[in-house]
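Residue numbers (my numbering), protein chains in the order written: chain A, 1 to 355; chain B, 1001 to 1355; chain C, 2001 to 2355.
In short, the hints are calculated from the structure, not lab data. Keep in mind it's a predicted model, so treat the numbers as computed, not measured. A hint or two may mislead.
Unchecked claim - Per label pair, the in silico range of CB-to-CB distance:
id: 1; chain 1: C; residue 1: K2197; chain 2: A; residue 2: K70; range: 21 to 31 angstroms
id: 2; chain 1: B; residue 1: P1052; chain 2: A; residue 2: A195; range: 49 to 59 angstroms
id: 3; chain 1: A; residue 1: K344; chain 2: B; residue 2: N1303; range: 25 to 35 angstroms
id: 4; chain 1: A; residue 1: M135; chain 2: B; residue 2: N1015; range: 37 to 47 angstroms
id: 5; chain 1: B; residue 1: R1203; chain 2: C; residue 2: F2194; range: 38 to 48 angstroms
id: 6; chain 1: A; residue 1: A195; chain 2: C; residue 2: E2337; range: 36 to 46 angstroms
id: 7; chain 1: C; residue 1: Q2103; chain 2: A; residue 2: Q101; range: 36 to 46 angstroms
id: 8; chain 1: C; residue 1: E2075; chain 2: B; residue 2: R1203; range: 26 to 36 angstroms
id: 9; chain 1: A; residue 1: L98; chain 2: B; residue 2: K1056; range: 43 to 53 angstroms
id: 10; chain 1: A; residue 1: V327; chain 2: C; residue 2: K2197; range: 35 to 45 angstroms
Cβ atoms here follow ideal geometry from the backbone N, Cα and C, with glycine treated the same way.
Here's the letter readout for the chains.
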Amino acid sequence: MHRAKKIIMDFKAQNIADFLQGTVEGDANVSVNNVSKIEDGKPGTLSFLANPKYEKFIYETKSSVVLVNKDFHPEKELNVTLIRVDDAYQAFASLLDLVDQFQKQKSGVEQPSFIDESASTGKDLYLGAFAYIGMSSKVGDNVKIYPQAFVGSNVIIGDNTIIFAGAKIYDNSIIGSNCIIHAGAVIGSDGFGFAPKEDGSYRKIPQLGNVVIEDDVEIGANTTIDCATMGSTIIKKGVKLDNLIQIAHNCEVGENTVMAALVGIAGSTKVGKNNMYGGQVGISGHITIGDNVKIGPMTGVSNSIKSDKTVLGTPAMDIDQALKTYVVFRRLPQMREQLNELKKELKELKSKQEG
Amino acid sequence: MHRAKKIIMDFKAQNIADFLQGTVEGDANVSVNNVSKIEDGKPGTLSFLANPKYEKFIYETKSSVVLVNKDFHPEKELNVTLIRVDDAYQAFASLLDLVDQFQKQKSGVEQPSFIDESASTGKDLYLGAFAYIGMSSKVGDNVKIYPQAFVGSNVIIGDNTIIFAGAKIYDNSIIGSNCIIHAGAVIGSDGFGFAPKEDGSYRKIPQLGNVVIEDDVEIGANTTIDCATMGSTIIKKGVKLDNLIQIAHNCEVGENTVMAALVGIAGSTKVGKNNMYGGQVGISGHITIGDNVKIGPMTGVSNSIKSDKTVLGTPAMDIDQALKTYVVFRRLPQMREQLNELKKELKELKSKQEG
Amino acid sequence: MHRAKKIIMDFKAQNIADFLQGTVEGDANVSVNNVSKIEDGKPGTLSFLANPKYEKFIYETKSSVVLVNKDFHPEKELNVTLIRVDDAYQAFASLLDLVDQFQKQKSGVEQPSFIDESASTGKDLYLGAFAYIGMSSKVGDNVKIYPQAFVGSNVIIGDNTIIFAGAKIYDNSIIGSNCIIHAGAVIGSDGFGFAPKEDGSYRKIPQLGNVVIEDDVEIGANTTIDCATMGSTIIKKGVKLDNLIQIAHNCEVGENTVMAALVGIAGSTKVGKNNMYGGQVGISGHITIGDNVKIGPMTGVSNSIKSDKTVLGTPAMDIDQALKTYVVFRRLPQMREQLNELKKELKELKSKQEG
C-alpha cells in the first residue's frame, strides 16, 4: 500500500512566527506541512509545549518546529527550531483554527446541482455537485452545502452553516447559523408513530411537525433526528451530537448538551441544558432530564432525572451507588458461596443446639 | 436565529367543516395553517378534543379552531371556534392524512436523474434529481423516489412505495407495495460473512442472496438490512422498523412486528409476527423468537423465546423475574452488608456455644 | 405482491461440470439460475453436499443439481443431477466467487459524474452516475465507485477497491487496495472534540488529522470512522467491520480484527490484532486492547484488556467469571429470600440460646 504524506499547510518557521507575533530560535527557513503531538513528532511537523509535564519530549521530538512559551528555558541542548510566543497552547489553537478555516474554504456552485427556482440562497454559497435545494427553501450567507446533500422544501438554513456530503434535511426543517451537519446525518425523518388496528396491523400516524436546530449545533455523521408528530423536535443552541445518535419525535435537547455516539432517546423526552452523555446511553420516552446531568456510557434511563445528578448503570443509579453495586455484582458467585456456607454452618449449629 | 412559522395548510374553519361534514360554532372565517395539541395550542392552529380528561384545556387553549364531538357541552365560555363532528378523533386523523397526502404529492422526473434503458417505470412516477435506477429494475405505479436515492440492478419496487432521499437499494432487492423507506436506509448490503484462513486473515464469503421486503413496510432512516448469503433476508408484510436498526443476513422478521431504534439482530434469526421491541435490543444469531413477543429496551437475547412472552434485561428474563431481579440488584451493597453482619453474628454465636 | 425469481446465473449442469472439472450423473441439460442450501433446495438451483451429516437431505432436496465429492455413494435412489468433484465444498465456494465477480463486473464512467480536473484515476474505473471525485485525489486501477459516492479532496484509493453507492470519504483519507466500503459508510468525519468555555458552551477543536485504511479491509453500511484530531485514525490490513459501527478519532484497529454491528469505540483507543467483537459492544476511550481478544455482545469495556482474553458483561469480566456471575444474577430474588430466611433463623437461634 502506498501511503502518502498528508499535507495540511506549507509554511516556513518564520512565516508562522510572523503570524503568531513570536520569535524564531533556530532555523527560520525550515518548512512544516502538518501538526503533531510533541510525543509523536514527525519531521516536517509543528508541535507545541505548554504543560511542563511534557517538557521531556522536547529533547527527543522529531518535530521540526515547536511552539513554546516565552519564558521556556531548555535544560538540555535542542535539535528543533523554537517559536517563542506569549501562550503556546493558545497560539497552537489559533493556528489550527486558521488551517481548518483555510481547508474548508470553498465557494461557488458546482454543476450539475439543483436549486428549485422558488428557493433563495445567500452570499458566498458553496453548493457541491449533485446537491439539491428544494421548493421555497431559504439558505443564508456563507453556507456550504457539500456534494449530494439534500435540502428539502420549505427548509431554512442560517448563515455560516456547513452541511457535509450526503446529509439529508427533510421538508420544513429549520437549521440555525454556525451549525455543522456531518455526512449521512438525517434531519426530519418521520417520527415512529403507528396506531394498532384490530387485525394486528398498524395505521401510520401522519408526522406533520418538523425539526428545529438552533445556532452553533454540531450533528455527527449518520445521526438521525425525527420530526415531531405535531409541533417541533428541538435541538437547542450549542448542542453537540456525535455519530449514529437517534433523537426521536418531539424530543427537546437543551443548550450545550453533548452526547457521545450511538445514544438513543425515545419520543417526547425533554433533556435539559449542559448535559453530558457517554456512548450507547438509552433514554425512555416521555420523561424529563434536568440540567447539568451526566450519564455514564451504556446507561439505561427509564425515569426522569433531576438536575445536577450523575448516573450510571442499567437501571440508572446515582454514580456512587452504581459503582458500589457493580463491585458487589462482580463478586456474586463468591457471595452465593458465602451464603451457602452460612446456611450449612447455621444448620450445624441448630442441630448441635437441638441435639 | 430567524425561526419561520411552519405552514402545512391554509384553510378557513368553514372549509374544514365542509370537508368533515361538520358544523361551525363561532367565527367560520378564521384561518388555520397548522395543527397542535389542545394543551399546546397556538393561534392559527387547529386542535381536537375527544378525551373528556382534556376538556379543561379547551377553556384556555390558544388554538383558533377545535374539533369536538357533536354532543360536547362546554361548561364555561369559550374563546375558540368549534367544529362539531361525529367523532372528533377520527375527523382529526382523517384531516392529518389529507394534509400528509397533500404534502407528499409529487410527480414528474427531475433532471438530471438516471434511468437505465433496460429499467421500467410505472405511471405517475416521481423521480428526484440525482436519483438512479439501474439495469432491468422494475418500478411500479405511483412510486416516489426522492433525490439521490439509489435503486440498483434487477430491483423490483411495488406500487405506491416511497423511497426518501439518499436511500440505497442494492441489486436484486424486492420491495413490496405501499412501503416507505426513509433517507439513508441501506437495503441489501453484503451479509457479514468471512471464513478464517490459517494465517489469521479472512476470506470473504460471497453474499449472493437478496432482501425481500413485503407490502406495507416502513424502514427508518439509516437502518441497514443485509442481503442473505444464499436465499433471502425477509421483512414481512406490515413490519415497522425505526431508525439505525441492523438486520443481518438471512434473518426473517414476521408480519406486523415493530422495533424501536438501534436494535441489532444477528444473522439467520427468525422473528415471529406482532413482536414489539424497545430501543437498543440485541438478538443473537441463529435463534427463533415466537409470535407476540415483547422485548424491553436494551435487552440482550441469546436464546430462542416462545410466543407470547414479555422479556427484559441482559440476559433476557421473563418481565416479572426481571423486575424483581433489578430491585434486588440495586440493593446489592446493602445485601452484602447484611451477609457480612450475619457472618459476624453466626461466628459470635458459634464461639459462645463452643466457649 | 409480485415476487420475481432471482436469477444470478444461467448455466446447464454440463457447463458447470466443465468449469469445475467434474463429471455429471443424471440430466446434463438441466439449467440452474441460483444456489441454495441443500436443506432449503428449490427447483432451478444448485446445492452442495460435503458434510455427511447433511446426506439425508440429498434424498429429498428440490434442488436441480447437487455438487458431491467424488467418492459419494448414495444409499437410496436420487432425483437430482449430481456433479462429482474432488472437493464439493471448495468447488461450490469457487463457483460462488465466480458468480460474485461476474455480478460485480462493472466498468465505464456513467454521466453525469464529477471528476475534478486535478484528480487522477486508474485503468478500468467504474464511476457511477452522480459520483464525485474531488481535488487532487488519486484513484488506483480497477476501482469501482458506485453512484452518489463521494470522494473528497486529497484522497488516495488503492487498486481493486469497491466503494458502494452513497459512501462518503472526507478529504485526506487514505484507503488501501482490495477494500470494500459499503453504502452510506462515512470515512473521515470530524472527531468529536470540544473544549468547554466558561459560559458552559463549547469551542470546536479543529480536527486536522485523517483516516488511514489499509489493504483488504471491509467497512459495513452506515458505519462511521472519524478522522484524528492530529495524525491518523488507523484501520489495519484485513479488518472487517459490520454495519452501523462507530470508530472515534485517533483509534487504531489491529490487523484482521472483526467487529459485529453497532459496536462503538471511543477516542484514542488502540485495539490489537485478530480481535473478535459481538454486536453492540462499547469500549471507552484512551485504553488498549491486546491481540486475540474476544468480546461478547453488548459488553461494556472501560479498562484495558491483555492479549488472549475473552470477556463478557458490563462491566467486562473474564468469560468464566461472567457466566457464573450471570447465573447468580438471575437468582437474585431467591438469594435475597434465602438471606432473609437465614436472618430469621439466626435470630430464633440467638433468642433460644439467650433465652
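Cross-check of the supplied hints:
1. K2197(C) - K70(A): 21 to 31 angstroms: 25 angstroms, holds
2. P1052(B) - A195(A): 49 to 59 angstroms: 20 angstroms, violated
3. K344(A) - N1303(B): 25 to 35 angstroms: 33 angstroms, holds
4. M135(A) - N1015(B): 37 to 47 angstroms: 23 angstroms, violated
5. R1203(B) - F2194(C): 38 to 48 angstroms: 42 angstroms, holds
6. A195(A) - E2337(C): 36 to 46 angstroms: 43 angstroms, holds
7. Q2103(C) - Q101(A): 36 to 46 angstroms: With Cβ atoms ~45 angstroms apart, the hint holds.
8. E2075(C) - R1203(B): 26 to 36 angstroms: 33 angstroms, holds
9. L98(A) - K1056(B): 43 to 53 angstroms: 59 angstroms, violated
10. V327(A) - K2197(C): 35 to 45 angstroms: 36 angstroms, holds
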